[in-house]
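Enquirer: Sequence:
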Amino acid sequence: MNGRLHLGRRRNDADAPVLSRPGRATELGVGLRSEGLGVAIGVDDAPTVVRLRASAMRVSDRALDEVRTQGFTLVEGFLDPDTLKAAQDAMWRLYPRPAAYFADPSKYPQLSTKLAGIRYWPYIDWALSRLPVLPELIDAAERFLDTKDLEIYKIELWAKYSGAVDYEQPHHRDYGNHTLVVPSLDGRHRQMTTFILLSDVSEHDAPTKLIPLDKSLEIPLVPLELPMGALFEHETAATGPAGSLLIYRTDVLHRASDFTSPGRGRFALLVDLQQRGWRWQGKMSWAHHARQPGMTEAMVRMTPRQRDLFGWPPPGSDYWTDQTLRDVAARYPGIDLTPYMPDAPESIRGRPQDNGVAP
Numbered sequence: 138m139n140g141r142l143h144l145g146r147r148r149n150d151a152d153a154p155v156l157s158r159p160g161r162a163t164e165l166g167v168g169l170r171s172e173g174l175g176v177a178i179g180v181d182d183a184p185t186v187v188r189l190r191a192s193a194m195r196v197s198d199r200a201l202d203e204v205r206t207q208g209f210t211l212v213e214g215f216l217d218p219d220t221l222k223a224a225q226d227a228m229w230r231l232y233p234r235p236a237a238y239f240a241d242p243s244k245y246p247q248l249s250t251k252l253a254g255i256r257y258w259p260y261i262d263w264a265l266s267r268l269p270v271l272p273e274l275i276d277a278a279e280r281f282l283d284t285k286d287l288e289i290y291k292i293e294l295w296a297k298y299s300g301a302v303d304y305e306q307p308h309h310r311d312y313g314n315h316t317l318v319v320p321s322l323d324g325r326h327r328q329m330t331t332f333i334l335l336s337d338v339s340e341h342d343a344p345t346k347l348i349p350l351d352k353s354l355e356i357p358l359v360p361l362e363l364p365m366g367a368l369f370e371h372e373t374a375a376t377g378p379a380g381s382l383l384i385y386r387t388d389v390l391h392r393a394s395d396f397t398s399p400g401r402g403r404f405a406l407l408v409d410l411q412q413r414g415w416r417w418q419g420k421m422s423w424a425h426h427a428r429q430p431g432m433t434e435a436m437v438r439m440t441p442r443q444r445d446l447f448g449w450p451p452p453g454s455d456y457w458t459d460q461t462l463r464d465v466a467a468r469y470p471g472i473d474l475t476p477y478m479p480d481a482p483e484s485i486r487g488r489p490q491d492n493g494v495a496p
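Just remember that our numbering sits 137 ahead of the position in the sequence shown, which is counted from 1.
Treat the hints with care, since some could be wrong.
[Unchecked claim] Straight-line distance between alpha carbons at most 25 Å, and here's what the computed SDA-like set of lysine to any residue pairs gives:
1. K251 x D303
2. K420 x P218
3. K420 x E305
[Unchecked claim] Here are the in silico distance ranges between beta carbons for each label pair:
4. R428 x Y456: 19 to 29 Å
5. S484 x E370: 51 to 61 Å
6. G313 x D455: 31 to 41 Å
7. E362 x R463: 48 to 58 Å
8. V359 x D464: 40 to 50 Å
9. V319 x A367: 38 to 48 Å
None of these hints come from the bench; they were simulated from the model. Beta carbons: idealized from backbone N, C-alpha and C, even for Gly.
All chains should be built: construct the whole structure from the sequences, respecting the hints.
Expert: Next up, the structure:
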């Protein structure tokens, strides 16, 4: 089938809205896109009004089940309007606005290759750096990966502009540069990969195109890529308004597509998580990025739980001594290291248990 993703909700369903395919619900209206206050979703001719929370939308269990069974899901309205706007405003400190870029693309030769628009975490503005550690995203990862002992192993901010380069790719699986081996299809050692859309993505805006698992389970994991054009008839385009969250698995066949209209840009933040401690999996070393602008602000602003996602020594670790507490405080002026002190009460330490499912 050729389709696009829709946010839907069945009547009398207590779960939050989740992804559905054409026929299960009507497409979202522009209310969410422009105001973020609520939107009517038609199901069996009975509208349901969805109101967003003050921070971000909780990903429903049903959406996560769809990732397990079909390989991907898209949750529209994941970011609230204020969080989205702040992130977009911060993004223009790193990239040209589309109007500026298309006024004279020759001024931006650094954006003329397929991967040239990638910027790695942290960012110079907390409004962007905070998105990977939003509680709602971490909660979704805890439930999908069935553990609280998580690590973030990749964060990339990616800008694309129509005409800058041909972004078209063949179908491939992301595990190729996320693990030294191959995904285990029994559900263990799973990774969760995500796109947070920071711009509206239509069929014209180079959407990611994915193949549902029921159309690809018989295709071997090796080789990583299929010939260009294979399975195009089974693609689902991950389209949605800015603020949407795409979640998919590293064993899912997908590809980048190219723009089909001029004067357009696509912007997304890619955040990947996994259970901590699998030495054969991963992608980035956060210590390697520790001197980047924005790292001090990020570490100062984060909670102990959020720092833990980057491999920061946890409360109670024998790393924490009078010397290390003093010198870490000097490296990160303004950081509150009270939770890491030997006599800190358990209630303020903030690190989850090593296993177990999030409440």
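Enquirer: Do the Cβ positions of S484 and E370 conform to the proposed distance bound of 51 to 61 Å?
Expert: holds, 56 Å
Enquirer: Does the beta carbon distance between V319 and A367 stay inside 38 to 48 Å, or does it fall outside?
Expert: The hint (38 to 48 Å, Cβ to Cβ) is violated, given that V319 and A367 are roughly 20 Å apart.
Enquirer: The hint says 19 to 29 Å between R428 and Y456; measuring C-beta to C-beta, is that right?
Expert: Given a distance of about 20 Å, which is inside 19 to 29 Å, the answer is holds.
Enquirer: Given a hint of 40 to 50 Å, does the C-beta separation of V359 and D464 actually sit inside it?
Expert: holds, 47 Å
Enquirer: Taking the Cβ atom of E362 and the Cβ atom of R463, is their distance within the range 48 to 58 Å?
Expert: Between E362 and R463, where Cβ atoms are some 51 Å apart, the hint holds.
Enquirer: Hey, K420 versus P218, does the alpha-carbon distance stay inside 25 Å?
Expert: violated, 31 Å
Enquirer: Within 25 Å, alpha carbon to alpha carbon, are K251 and D303?
Expert: Since the Cα atoms of K251 and D303 sit roughly 7 Å apart, the hinted pair holds (cutoff 25 Å).
Enquirer: Would you say the C-beta atoms of G313 and D455 sit inside 31 to 41 Å of each other?
Expert: About 37 Å separates the Cβ atoms of G313 and D455, which means 31 to 41 Å holds.
Enquirer: Between K420 and E305, does the CA-CA distance stay at or below 25 Å?
Expert: Judged against 25 Å, a Cα distance of about 23 Å means the pair holds.
The structure is inconsistent with the numbered hints 2, 9, although it conforms to all the rest.
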